[in-house]
Every structure is written in C-alpha cells, then in structure tokens.
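Chains as they are written, first to last, in our numbering: chain A, 524 to 663; chain B, 277 to 434.
Heads up, some of the hints might be wrong.
Claimed, not checked - Calculated cross-link-like contacts (lysine-lysine; reagent style BS3-like; alpha-carbon spacing at most 27 Å):
1) K598/A with K532/A
2) K598/A with K281/B
3) K309/B with K373/B
4) K601/A with K527/A
5) K532/A with K601/A
6) K601/A with K373/B
Read the hints as simulated data drawn from the structure, not as lab findings.
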Amino acid sequence: MFKKLHVSKLFLISLLMCYLYMILVIYAIITLHPTMFDTDSPEKVLATVELAYARMMIIVGAIFGYPIVLFSSLKYTKHVTIALTAWAIAMYIDDYLVLYEIIEYPKGVLVSAVLLLRPLLIICLIWMSFELTYSKSKVE
Amino acid sequence: MADNKVTDIEMSAILAAFAESREIKANSIHQSKIFMALIIFCNIYVSTSLVIYYLFGSTIHASLNADFIAVFDGRANVMFWLVVSMNISAYFNVGFKALCLISLVYTLNSTIDNVVLFTGLLDFGDHSYFSIFVISRPIMFVVLAWMALSFRDSLEGY
Numbered sequence: 524m525f526k527k528l529h530v531s532k533l534f535l536i537s538l539l540m541c542y543l544y545m546i547l548v549i550y551a552i553i554t555l556h557p558t559m560f561d562t563d564s565p566e567k568v569l570a571t572v573e574l575a576y577a578r579m580m581i582i583v584g585a586i587f588g589y590p591i592v593l594f595s596s597l598k599y600t601k602h603v604t605i606a607l608t609a610w611a612i613a614m615y616i617d618d619y620l621v622l623y624e625i626i627e628y629p630k631g632v633l634v635s636a637v638l639l640l641r642p643l644l645i646i647c648l649i650w651m652s653f654e655l656t657y658s659k660s661k662v663e
Numbered sequence: 277m278a279d280n281k282v283t284d285i286e287m288s289a290i291l292a293a294f295a296e297s298r299e300i301k302a303n304s305i306h307q308s309k310i311f312m313a314l315i316i317f318c319n320i321y322v323s324t325s326l327v328i329y330y331l332f333g334s335t336i337h338a339s340l341n342a343d344f345i346a347v348f349d350g351r352a353n354v355m356f357w358l359v360v361s362m363n364i365s366a367y368f369n370v371g372f373k374a375l376c377l378i379s380l381v382y383t384l385n386s387t388i389d390n391v392v393l394f395t396g397l398l399d400f401g402d403h404s405y406f407s408i409f410v411i412s413r414p415i416m417f418v419v420l421a422w423m424a425l426s427f428r429d430s431l432e433g434y
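Full structure from sequences and hints, please.
Printed below as a string of structure tokens:
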C-alpha cells in the first residue's frame, strides 16, 4: 500500500514518529488533572487547559485528515504538510516568545516528555516538507 | 553541412551564455493587478492595525492582567516581521508562496489562540477600533490565500 506512494522509508519513519507524538500529546491532554498545576493563578491554568483542548482538536483533525490527503494526491499532501509544519513552528515560537507569561505547564513525566520531544516532531515535519518539495518528479 | 550537429558541451555553453538574460527576464515578471491590489491592501491593513495598537493599546492594557499584555505585544512584533519578509520575498521572487502559507497559518493560529484566551477576559465592544480588526480578520485570511494563489513566480503562461 505504501509502495504506491513513491516516498522514501525516511518519510514513512518521520510520519510514524509524528503520529506517535500526536497520540502521546492527546493522551497527555486527556489525562490532565488540576492537581498537576503548581500555580496560584487560576486564570493561567484555565488559559493553558483551554489552549490545550483547542490544539487537541486540530491534532485530531490532522490525524484523521492526513491519510486521506496522502492517499489522494501527493501534490496536496505537500501543501498540507507545509501548512502543518508552519503551524507546529508557529505554536513553538508562540509558546516560548509570546505566551510564556500565560502558559503554566503542568508537572508530570508525560508532560515533560511531550515538551522534550517537541523539536523532534518539528524536525520530522520539516523533513517531510523538504522531501515532498524537492522530489518534484514524484509530487508533480 | 552534414556534420553540424550540436554536441552536449556546445549546448551547455549556449545555455550558459543566455543564463544571465533569462535571470533578468525572470526578475521582471509582471504581477497581475489583482495581486498588486491584494499586497497593497495587506500592507495597509497590517500597518494600520499596528499604528492603532501602538497609539491606543494603553486602553486595552489598563483592563488586562500584565501577563496577557505580552501576547498582544508579541503578536504585533511577529506580524510586522512577517509582512516585511513577505514584501522582500515578493520583490526578489524567493519563497513568496511559502511565506504566504506561513503567514496564513500563523494568523489562523493566533486568531484561535486569541479567541480561546481572551473570551470573557476582554470586551472588544469597549474598544471599537480594535473590534474592527477582530471582525475583519477573515478578510485577511482570504487576502493571504488569494495572494499566494495569484502570485506569478515563473515565466509559465507568458
């Protein structure tokens, strides 16, 4: 089934890692508990939880939507992958440069793992975007 | 006359000789009037919103927690640099479509974040000049997407 896609093994490994990471993020958000937050500001906790759930909705959309696009057209997959990469980088920059005063990350091993592995997701997405952009003969 | 076939080496030399003139032609691709109108609108929209934010932002700051103000400042800075990058990339014809897509995704992401973060905390009805930009945000999405689609980055179609 994957041979028909004409993509490299590295692309498929990156895709698999992205999926594993997204499932880990969803699990971490679903298992969030108020006692995991170590802050006196309920506003910050509320903002963090609301943001997490809003982003989870987009992640769920990506999880189910990406295979449909991937098996339909590699050309559109390229655009969707670049858009998702831009979104992941925008969130990463936003969290560390813009929202750092508002977001209060909960304590826990799972949350730490999610934060630690975040650059890995971005690297995988960048690799996928580059491969789809520069292997033009296959995409077009 | 029978042996006048051009070899690969000669063909490469001919192409190399004309490479410079092709580059000059590629730099002078004329964009459509729609694209010009869209990029002018985008520049005016972002500049006006930034000017209004820096002139009247203090009224919003007064009604917000200090931590939340950093969000507005950060977003204003990022949007300014995105528009500057888009203008430069459009002028030099390098990665404009990718930048448009990045700006579109960033604008969508920041809109979702703002809706999630500031609903209930801030009443934009009290700051009508800001609500104009909040309400007109979907127009910006359309403009960014349309700019990416209408931009001519190659000589195809000439």
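Would the hint linking K601/A and K373/B be met if the CA-CA limit is 27 Å? OK: K601/A and K373/B at ~13 Å, within 27 Å.
Under the criterion that the straight-line Cα-Cα distance not exceed 27 Å, is the pair K532/A, K601/A satisfied? 17 Å, holds
If you draw a straight line from the CA of K598/A to the CA of K281/B, is it 27 Å or shorter? 39 Å, violated
Is K601/A within 27 Å of K527/A, Cα to Cα? 16 Å, holds
Hinted pair K598/A and K532/A, Cα distance within 27 Å: Cα-Cα ~19 Å, so holds.
Tell me if the straight-line CA distance from K309/B to K373/B falls inside 27 Å. 17 Å, holds
The structure fails to meet hint 2 from the earlier list, while all remaining hints are met.
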